[in-house]
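Keeping their order, the protein sequence lines are chains A and B. Plus 56 on top of the position in the first sequence (first one is 1) and you've got my numbering. In terms of my numbering, the second sequence has 16 at position 28, counting the first letter as 1, and numbering is strictly consecutive.
Calculated from the structure, these hints are not laboratory results. Just to be clear, a hint being listed does not mean it is correct.
[Unchecked claim] The calculated EDC-like cross-link candidates involving lysine to aspartate or glutamate, where the alpha carbons are at most 16 angstroms apart (straight line), are:
1) B/19 x B/-4
2) B/376 x A/300
3) B/251 x A/296
4) B/58 x B/38
5) B/70 x B/43
6) B/16 x B/3
7) B/251 x A/218
8) A/107 x A/203
9) B/379 x A/304
10) A/105 x A/218
11) A/257 x A/106
12) B/382 x A/304
13) B/110 x B/3
14) A/314 x B/342
15) B/377 x A/301
16) B/376 x B/238
17) A/235 x B/301
18) B/377 x A/309
19) A/252 x A/142
20) A/281 x B/179
21) A/201 x B/179
22) A/201 x B/252
23) B/110 x B/226
24) A/258 x A/142
25) A/281 x B/181
26) B/349 x A/236
27) A/293 x B/179
28) B/70 x A/142
29) B/376 x A/304
30) B/379 x B/287
31) A/281 x B/226
32) B/377 x A/203
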Amino acid sequence: MNIVVCIKQVPDTAEVRINPETGTLIREGVPSIINPFDMHAIEAGLYIKEKTGGKVTVITMGPPQAETALREAISMGADEGVLLSDRAFAGSDTWATSFTLSKAIAKLRADVIFCGKQAIDGDTAQVGPETAEFLNIPHISYIRKIEEVSQNGIRVQRLMDEGYDVIESALPVLLTVVKELNEPRLPSLKGKMTAKKAVIKKWGQADIMADENDLGLKGSPTQVKNIFSPEARPGRKMLEGTPEEQVDALMQELRGIKCL
Amino acid sequence: MPVKINRDKCTGCEECVASCPVSAIEMKDGKAFINEYCEACMTCLSVCPEGAIIEFDKEAPEDTDIKSYKGVWIFAEQRGGKISSIAYELLGIGRKLADGGGTGLSAVLFGASETEAEELIKWGADKVYLSQDRIFEQFNDEPYSQLLASLIKEHKPETVLAGATPIGRSFIPRVAARLRTGLTADCTSLEIDKETGNLLQIRPAFGGNIMATILCPNNRPQMATVRPRVMKRGQYDEGRKGEIVKAGKEGLFSRTRVLETVKEVSDITVNLQEANIIVSGGRGLGDPKGFSLIQELAELLGGAVGSSRAAVDAGWIPYRHQVGQTGKTVCPTIYFACGISGAVQHLVGMQSSDIIIVINKNPEAPIFNVATYGIVGDLYEIIPLLIKKIKEAKEI
């Protein structure tokens, strides 16, 4: 089974702060991590490889330093890493990112492709399904369990609002995963040694044979007009006094808003 | 894939299969089919005697003129034949955008009855495109995206909105990819730019630390998914008249198949996104048993039980209750945060609630920054008192 896992290096958003004067993000000193959902995608890839045999290739698109993320995935047990890095890819929105990824994945001839359900910096959840469309393969989002997998197909549970669907698909297929799916393993010492020595493939525009009009800023239909800080909640009321008084005050407010 | 087969024209002669240098064409159901190994070398284009192989990029464009796109569309999703509440919220904002731009509002509905379609009209739609193809009885991404993309190509709406729900967020990206247009995820506010007519799509990014305004200036339609429970429903008018247009398409197919739809049975109400009142507990409960108190309060108020990630990680409550960036995003009328400190990851999932009531021992806890009403105190003292007083008020 040829398994490809798409990962993204993201700033650890829990630690991102805004400069209150300029309203811009303070990125300095913010550590980069593998997008947390992608860790579960890597684990899913390794799980399938253990069940059916095969190879796990991790792929990422980003600046040269995103290589670190690929090496971390290899230390967990992935076999190979591909870094899509080219100035022509810069400024990609989800359309251009998915298009670029799909061109690279087509070269890898995957049977199963895993993505995290979304990246924690953009939170769009769009790159997985868009990539599947460009590859002209089916996809299933929000996988919480893999029930069965073989060369003939895969049966999984898809998380929905009020429960889940049991759903099967032919291969090749792209799956986006939620955290419930598994617990990502830690890198082994041997894995870390392998990762250090691993040769990362580096692909640019020429390697994926894509038209520059479909890449980067040029290939992106959406534009960011501006960013701003979310408004703070005005009119906060602290309810003071003894617990009795506090609860009485709250009861009065609840009546006021017709909650009771 | 930049190359596609026009299944109507394909005669199944297999000429192209032999021509492909990378074995990217196979036969499926007697028609040629281009698989994901296609390298877009375009060899097959000249081989096909029927002209049934077409280049993806060249298919759309007689309409590079974006001005020919008119009207606002919303995708009305259903589960089990019943329209989801997000559809009515989309009609609310859709009506506003359509009226503001002096244009019409249409809804697209797959797999539901005409009675349901009429509901959409009463809630503000001028027209409903309805498909009752049996393929839509279950949700599969491929047929949904095939038909919606085809309807959009035919009717050219300027704006298309869908819910940022498990269904909308899964298949709408495929539609945008197919149409080579922009899609903005999980918008919390939508406005029209008076000067350009562009849709200003406002959404949180970086875990809610910032808001971003996104535009799609040169491609149409401009597409967005909209966060549930953020937009207000429009006016319901029993006598409102509109048109129901039967829609369909030959050759819809799905390579995924839903075998079973399972409603998760839980002794606690878990349908967080629909709840008007949510009572959430966090690490401050100190103990899994604390959730019985949370549940008692929730039941009393007719609400649902939520939790912070810390409480889920501690194994006190199942993941399905988790509110926050890695859990559910909720927007109830009233949100109780009990013993939750308010990490950014939690705040982004609940801060657009109308009223937030915070009960926490630590006056410095960041959750107080988003509070409408704040109580500094021991939740094991406050909540039982509150339960008692609510019972008295309700004469239980």
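Status of each hint after checking the structure:
no.	hint	verdict
1	B/19 x B/-4	9 angstroms, holds
2	B/376 x A/300	11 angstroms, holds
3	B/251 x A/296	43 angstroms, violated
4	B/58 x B/38	34 angstroms, violated
5	B/70 x B/43	38 angstroms, violated
6	B/16 x B/3	14 angstroms, holds
7	B/251 x A/218	6 angstroms, holds
8	A/107 x A/203	12 angstroms, holds
9	B/379 x A/304	13 angstroms, holds
10	A/105 x A/218	31 angstroms, violated
11	A/257 x A/106	24 angstroms, violated
12	B/382 x A/304	15 angstroms, holds
13	B/110 x B/3	53 angstroms, violated
14	A/314 x B/342	13 angstroms, holds
15	B/377 x A/301	12 angstroms, holds
16	B/376 x B/238	62 angstroms, violated
17	A/235 x B/301	11 angstroms, holds
18	B/377 x A/309	13 angstroms, holds
19	A/252 x A/142	23 angstroms, violated
20	A/281 x B/179	13 angstroms, holds
21	A/201 x B/179	39 angstroms, violated
22	A/201 x B/252	14 angstroms, holds
23	B/110 x B/226	6 angstroms, holds
24	A/258 x A/142	9 angstroms, holds
25	A/281 x B/181	11 angstroms, holds
26	B/349 x A/236	31 angstroms, violated
27	A/293 x B/179	31 angstroms, violated
28	B/70 x A/142	47 angstroms, violated
29	B/376 x A/304	11 angstroms, holds
30	B/379 x B/287	11 angstroms, holds
31	A/281 x B/226	40 angstroms, violated
32	B/377 x A/203	48 angstroms, violated
Going through the hint list in order, the structure does not satisfy hints 3, 4, 5, 10, 11, 13, 16, 19, 21, 26, 27, 28, 31 and 32.
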